[in-house]
Amino acid sequence: MARLKLPAPPKSLNPAPKRPGEGNGTVTAKDAAKEAGVTVVDWVDERTSLSGPARWLMFRKVPKGTNWFYTLGSGTMFAFLNQAITGVFLAMYYDPSPTRAYESARFITNDVFLGELVRGMHKWGATVMVILIFLHMARTFFFGAYKYPRELNWVIGVALVILTFVMALTGYLLPFDQRSYWATIVANNITASGPLVGPYLADFLRAGPEFGATTLSRFYSIHMLLVPGLIGALIGAHLYLVAKLGTTAPPWQKVDDLSAREERA
Amino acid sequence: MADRRQTKSKYTADRGIPGAFEGETITRRRFMTGTVHLTGLIGTAAIILPSLGFALGPMFEKHPEPWQAVGAVDEFDAATYVPKVIVIVAGIGQAGKSTVYVRKRDPKIDTEPQDQYNQFVAISTRCMHLGCPVRFVEAAGRFICPCHGGVYNFRGEVDGGPPVRPLDRFYTRTRNGQVEIGPRYSVNSELKRFSPRDPGETLDGIGPYLYPSRPSVRKLPGT
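Residue numbers (my numbering), protein chains in the order written: chain A, 1 to 265; chain B, 1 to 223.
What the hints contain is simulated information worked out from the structure, not anything from laboratory work. A portion of the hints provided could be inaccurate.
To be verified - Quick list of simulated restraints, FRET-style, between CB atoms:
(1) GLU61(B) - GLY75(A): 53 to 63 Å
(2) ASN14(A) - THR39(B): 51 to 61 Å
(3) LEU57(A) - TYR11(B): 48 to 58 Å
(4) VAL158(A) - GLN94(B): 50 to 60 Å
(5) GLY43(B) - THR28(A): 52 to 62 Å
(6) PRO50(B) - GLN178(A): 19 to 29 Å
(7) ALA55(B) - PHE107(A): 27 to 37 Å
(8) PHE204(A) - GLY43(B): 36 to 46 Å
(9) ALA8(A) - ALA20(B): 31 to 41 Å
To be verified - Short derived list, chain B residues pointing at chain A, Cβ under 7 Å:
(10) ALA95
(11) GLY149
(12) VAL151
(13) PHE154
To be verified - To be clear about the criterion: a stretch of chain B counts as covered by chain A if any three or more of its residues have a C-beta under 8 Å from a C-beta of chain A, and this derived list gives those stretches:
(14) 12–25
(15) 43–51
(16) 54–60
(17) 72–83
(18) 201–212
Keep in mind that this is a model prediction, so the values were computed, not measured. Glycine is no exception: its CB is placed at the ideal position from the N, C-alpha and C atoms.
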């Protein structure tokens with residue numbers, strides 16, 4: 001198989017050569033800063049060879065007809081990053097014990113500086129993420145972008161959508177108000193009503209036969225450690241395959257141009 | 001290829017490998033590869049197995065279910081229910097408490113066999129559809145669930161809506177003139193006792209096999 005040439009950065013990014021007589025050999029602060037930047041990048045690149053992968057990732061060819069629908073995946077990822085960042089800061093104040101959880105959530109909303117905003121970003125961001133991931137999935141489906149050779153990426157995407165639901169479910173309990181509590185009871189009992197494995201799965205989620213002292217911290221740990229790690233890893237795999245396989249043209253894009261060019265040749 | 005393998009001796013010494021011992025059949029490279037893999041396997045298992053046991057342990061752990069006194073014997077009659085709050089899980093505040101409806105056994109309507117544990121009938125408020133809290137509506141003489149419209153009759157049997165079995169009950173007994181509430185048990189549509197099951201799990205027909213009893217909670221012996 002022929003090796004594909006790494007895509008080159010667009011010409012517009014290349015610095016224009018100096019005109020004769022320009023600057024007259026004096027080094028301006030701007031030149032020095034540019035030189036320092038290049039030196040640092042060179043130093044890293046010489047030791048990691050990262051410029052190749054960076055060019056591979058950033059200067060890919062995209063098909064004609066690429067449009068705004070193709071941004072839904074990035075949109076979902078940014079919603080996830082929003083959740084990750086606000087989540088880290090919420091965790092600084094949140095206390096996952098059954099007697100303290102509600103009080104600590106109330107404290108975040110009412111007393112912490114910008115707490116209401118950050119909690120709101122996390123709460124509404126969760127809804128936005130679920131909506132975006134569905135739109136992204138619909139785009140992939142209706143554009144036929146799940147077909148060969150992209151089936152594996154569809155499978156990874158389905159795993160990501162399920163993990164997003166797990167996040168939504170486990171996160172719902174954390175405010176620990178009446179709605180959270182009863183919604184979790186109901187969700188757990190839906191799990192338990194699955195035959196044979198259901199009762200054991202529900203016991204695993206609850207850490208016992210009843211909603212107990214460690215159920216909340218178990219949900220918290222799944223919500224902030226286990227699943228985000230998995231989602232992060234799978235997003236990496238998802239993006240790698242997108243970069244590796246390239247994106248599809250929209251289904252309405254005609255191939256006429258290409259065949260006409262071949263005929264002319 | 002097959003022929004070449006056959007001509008090879010299994011002894012490393014015969015194969016002219018430098019430093020081979022007499023009678024040695026495994027090359028040192030193979031031995032080292034195997035040892036490293038085995039060490040890695042043991043190391044991984046040493047991390048994974050305890051963690052897994054740690055996470056799964058609570059599924060098998062038995063919890064103490066102490067008898068809780070809820071009131072004097074003469075507080076309860078057979079005509080209606082008295083709501084009482086008991087502790088289901090200790091140490092987690094309000095989240096660990098639950099309401100129980102208690103009345104005296106009425107031989108005219110309570111046709112299930114009588115024994116030492118049902119002189120008083122204690123009905124759990126956990127709806128057997130998905131676990132919402134039911135309440136006893138005096139005027140209707142029925143238990144009604146606010147979530148999805150489950151309705152139970154005076155004995156806790158399903159009258160309508162989505163619930164799959166009658167309301168759970170608790171063992172009761174009398175000590176020093178006080179009615180005491182014990183562990184929970186589930187019942188099928190004939191009010192036969194089963195070990196506690198989660199809501200949504202039917203106990204009629206093949207139900208008890210589809211939703212097996214859990215290792216952590218059992219019925220009281222002999223019931």
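Hint check results:
The given range of 53 to 63 Å is broken by GLU61(B) and GLY75(A), whose C-beta atoms sit roughly 44 Å from each other. Here the CB-CB span from ASN14(A) to THR39(B) is close to 52 Å, well matched to the stated 51 to 61 Å. Remark: the range hint 48 to 58 Å for LEU57(A) to TYR11(B) is upheld by a beta-carbon distance near 53 Å. The hint said 50 to 60 Å for the Cβ distance between VAL158(A) and GLN94(B), and at roughly 39 Å that hint is violated.
Range check, GLY43(B) to THR28(A): about 58 Å between beta-carbon atoms, so the 52 to 62 Å window is met. PRO50(B) and GLN178(A) have their C-beta atoms about 37 Å apart, which leaves the hinted 19 to 29 Å range violated. Taking 27 to 37 Å as the suggested C-beta distance range, the pair ALA55(B) and PHE107(A) conforms, at roughly 30 Å. Taking 36 to 46 Å as the suggested C-beta distance range, the pair PHE204(A) and GLY43(B) does not conform, at roughly 26 Å.
In this structure the supplied range 31 to 41 Å is violated for ALA8(A) paired with ALA20(B), their Cβ-Cβ distance being about 55 Å. The interface hint given for ALA95(B) holds, since its Cβ lies 5 Å from the closest Cβ of chain A, which is under the 7 Å cut-off. Here the hint on GLY149(B) is broken, as its CB sits about 14 Å from the closest CB of chain A, past 7 Å. Given the 7 Å rule on beta carbons, the hint for VAL151(B) is violated: about 18 Å separates it from the nearest Cβ of chain A.
With its C-beta approaching chain A no nearer than about 24 Å, PHE154(B) sits outside the 7 Å limit, and its interface hint is violated. Note: the segment 12–25 of chain B has 0 residues with beta-carbon separation from chain A under 8 Å; the three-residue rule is not met and the coverage is violated. With a cut-off of 8 Å between beta carbons, the segment 43–51 of chain B has 0 residues touching chain A; three or more are needed, and the interface restraint is violated. Coverage of the segment 54–60 of chain B by chain A holds. Counting CB-CB distances below 8 Å, 4 residues qualify, and the rule asks for three or more.
Counting residues of the segment 72–83 of chain B whose CB lies closer than 8 Å to any CB of chain A gives 0, so the stated coverage by that chain is violated, three being the minimum. Counting residues of the segment 201–212 of chain B whose beta carbon lies closer than 8 Å to any beta carbon of chain A gives 4, which meets the minimum of three for the stated coverage.
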